[in-house]
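Peer 1: Make a model of the complete structure from these sequences and hints.
As a plain string of letters, each chain reads:
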Amino acid sequence: MKNHNKFISALLVAVLMFGLVACGSSGNGKGEENNGIQNTENSETIKGRFVESQLNLPEGVSEILAVTKLDDGTLELAGSIGKTGTDCILTSTDEGETWQVKELEDLDYSYISNVAIRNDGTVAYMGYFNENQEKDSSDLPDSVGMKLVSKEGEVKKINFTLPKAQETDTEGSITFQKIDQEETIEGDVSFNEDETDITNNEESDETQMTSTADDNMVLQAAFDEAGSLIIQDLFSTFYKLNIETGELSELYSGEEYIPYFGIAGNKIYAAAESGMKIFSSEDGSMSAADSVLDEVAKKNSESSSLQGDFPVVMTKGMKDNSLVYANHQGVFYHLENGSVSEQLINGELCSLSDTTLGLSGIVMVNEKSYLISARDSMGNIKLLKYVYDENASSVPEKQLKVYALEDSNLLRQVVANFQSAHSDTFVKVEIGISQENSITAEDALRTLNTDILAGKGPDVLILDGMPVDSYIEKGILADIKGLLDEIEASDGLFTNIKNAYESNGSIYCMPCRFKIPVIAGDKEAVETGSAEGLLDYGKTIKQEGKRVFSFSGTTDLLEELFQVESADWLTGEGSLDQSKLETYLQTAKEIYDLDYDSNSEDNNGKDSGTCTYNILSGYNLGTVSSLERLMKECEISFGTLASFYELKDILSIEKQLGGTYGIFSKQETKSFVPYLMVGIVSGKEEDQDVQELVKTMFGKESGMQSESGFSVNKAAYEELCRQEIQKKQSNEELSVVFSTTEGTTGGYSILPLTQKEVDTLTENIESMTSPVITDRIVQDLIITEGSKYLEGNQTLEETSAAIMQKVNLYLSE
Amino acid sequence: MKSKKGILFILPGLTGVMVFYLIPFVDVIVRSFRQINGKFCGFANYRQVMENKAFALAAGNTVHFVVVCLPLLLGLSLVVAAMLRRSGNVAKFCKSTYLIPLAVPAAAVVLLWRLIFDSHGIWNRLLTLLGYNSVDFMNTNGAFSVLVFSYIWKNLGYTVVLWSAGLSAIPEEIYEAAWVDGAGKLRAFISITVPNLKQTAFTIVVISFLNSFKVFREAYLVAGNYPQESIYMLQHLFNNWFRDLSMDKMAAAAVLLFLVILIFVYILHRSWEEEH
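Going down the list, the sequences are from chains A and B. Numbered according to my numbering, the first sequence spans residues 263 to 1075. Numbered according to my numbering, the second sequence spans residues 183 to 458.
It should be emphasised that the hints constitute simulated quantities derived from the structure, not laboratory data. These figures come from a predicted structure and were not determined experimentally. A portion of the hints provided could be inaccurate.
Said to hold, decoys possible - Here chain B is said to cover these stretches of chain A; the calculated rule only asks that three of the stretch's residues, wherever they fall, bring their Cβ under 8 Å from a Cβ of chain B: (1) 709-717; (2) 948-955.
To be verified - Taking beta-carbon pairs under 7 Å as the criterion, some of the chain B residues facing chain A (in silico): (3) Lys-187; (4) Asn-219; (5) Lys-235; (6) Ala-236; (7) Tyr-408; (8) Glu-411; (9) Phe-424; (10) Arg-425; (11) Asp-426; (12) Leu-427.
For every residue, glycine included, the Cβ atom is placed at its ideal position computed from N, Cα and C.
Peer 2: Okay, structure coming up:
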């Protein structure tokens, strides 16, 4: 009995101990989901991966409209060449290493919407051809047409008619409604200012505004394996188009909008928001739903761009029921109804991770070679080739880690630039807050801090939204002045921006980009220059029932003024200057009251009071817009300027209105808004790869890309200036058309910049001396309390006291 | 032999306590003498903490809260427990009802706070109807009263149950003897109930004292990292220091807090022992 008891005791103890020891997690605790995706490249000991290279196309090729592999193994590409954009067909028999160019005769079109290549080399061009505008021909209704170009270069025109579209405008919203050609709308007809039909439908209370000559159009087209042409129209209806006769037979029509599709063999994969619709290109019969592809469609449901870029591009795999698809996560192989997709190429190891890269097509050359056609954010075309190298390690041995609180296209671009130039180094970008994890910034920072303390922290920090001063004080950040001096020596940096971050001979962080607070309006408004002056001027031009300023709510107004006023608020004693704070609040209140009634029960102009962190958002375009002035929605617009395009937009509109733009700042301090602030974690500054990564971030190539702020790299800035002025010399203009909520339409041309305008911008940039307060805690406290004051829920004294108490408490910690 | 067997049984639990509490605490003590980069700095962190205004405010508020809440909670819960003792079946039902606040999640409590104590909440509506001015509780010193109310509401039931357990251990014969001797209810309470509850009181005081630190959850959910001054507690400060990577100051403050609690419990323990 005693031995029995001993045995049971020992067994129980062993079980308890086992329970303790076994309760450990080897996961990373970050809750990553793989959604049915297997990563076959996750072992450092495994060799073999696809290596990216960029193929050189013949000089002058400026567009890739379609690319495919023909039955005989030749690669064929339809594109444009030369300054005039002549259509051409390129062929390659050596897997894209060299190309033969054949320029086509003038296809005589006014607009090409789609190009598709058949597997025998025939190219189909769909669009509006100039013959279609001969209205007297009954055989040529006002619809799209197509021209087929054979491999030998013969051109054949095919006419076909899609069901017409009708644009309806109900209470300011624009929807499309399909109508049969026999349907008529009865009622009185009258015209508005721009002579558009306004028809009152007696059967409903809606006022329908129809515009003539708006046809249905082909959104996307592609050939299937059998050589049939599949087209998708504006209403997401799919047709098989007989290219001999122009006859359309409907394959699929659904209620849901489908932004894009792909064809693999004889199966069509149409990506809707609810999931992937799979149906046959022969008879339109639906296939069973595929859960893995449904997730792909849901996660990549944004619309394709007008330039023909898609979130996901697809092609047929090796097997009949297989699909190869590519997106920014990589290239994947999927067997029909399989439970997983195999990741062939990890997007993080190549340019695919650049979220500004627009993908237009994918070709499987063979099992070990793929081509992807793409366009970068500057509009430059790329033909990327991925070839399997069995000697390359599956994941580069050198790995760097970059951490940012929020994701941004610019960060992805910069990392992709670095990866392209350093294929032996893998840069892992870790994002603190994303839509998947929905955690707060504080939680993300705590997790980061834990990693740093455990020695598993990142190498490079993107410090937007982080407690930078605290990190500097704790010695978390390394001195990067040496690196910046090197970049300054080679490319040049804006010295005023660099000096703003220098302290005791060291620089611990610096933004790669910055934005400029500006005002757009009449000369008198712009000359006021400051918030108080602007307010005084605004009072003189205020008209009953019309808004003076362009802000959209309390938070928006407070944020915009914060970027102008806050640069000199922090005193040396670790506190806020209360008088400056009160001046800011009072000015904001008066500006707000000029356009909104805070006593009104109407919610117009009011916000929830929570700070949206627009200043630190990864979506970092400028916020000033003269378009609202052109649409007569306000008299004065103020906000931040983030790119040359935005500057051109403002100047083009202001020229039409007789206005101008200028820097919005205090008299004594001209501030700028930093973006993508980079710092190196202490201890990692000697690592060559880390240094190279940071140099890439501040480098000229990265500075030339994207439109999220102006680059601090002077060489990049000056090159962009030069390109802008060159556009002026070549008379390049873009046109913009808009419609207002009242139903009127208008337009303007975006004019290239002149040398004088560029010089003025440069002067303005070089005059800026201080960054705005980027501490998100301080911003949040001020804007949250400030919103209550603007909405009339508390007095200035109460607001000021609450802010001072909280901010002082924060700063005293 | 028996004691060896006993040790074997407590070993898993003890291992857990050591791994998750004792060893990390030793690490905290070590960190309190070092900077973030690991460099030894002596008592510099302690000096920084003692000179820190935010720490002074938080510590003062925490002490204020404990000094106000603890006696209130203990007194109120004892009175309720004593009343329930005599109420028979009704007592059983009430005890269960009193425990419900403990089961309510903090987020739900916060919603309730907002409904009742917001500047446009139910309480202010009532005040306005009665002709008084409304009070913005969460942005004035009224926030402290709300916090006290919330703490007592949440912990009253639990403390009542603990008192009830102590009360039920007192033999009925002592009370009968006292009544025979002419003692009234109040006299019996003061001379019999209270002295016999001292052992229970020690446990309840310690538990309630530790629970008083948990009130941070509601304060944080309602008012965020920087609430009104009167409810800015030590945990707010620790939370914010964690975010700002001020682990050195946090470690020093944690050690100081531990010492204070240790001294408090020790004094309590000694005074109980002396009385016995």
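Peer 1: Against each hint, give a clear statement of whether it holds in the structure.
Peer 2: Hints and how they fare:
no. : hint    : result
1   : 709-717 : holds (count 3)
2   : 948-955 : violated (count 0)
3   : Lys-187 : holds (6 Å)
4   : Asn-219 : holds (5 Å)
5   : Lys-235 : holds (4 Å)
6   : Ala-236 : holds (4 Å)
7   : Tyr-408 : holds (4 Å)
8   : Glu-411 : holds (6 Å)
9   : Phe-424 : holds (6 Å)
10  : Arg-425 : holds (5 Å)
11  : Asp-426 : holds (4 Å)
12  : Leu-427 : holds (5 Å)
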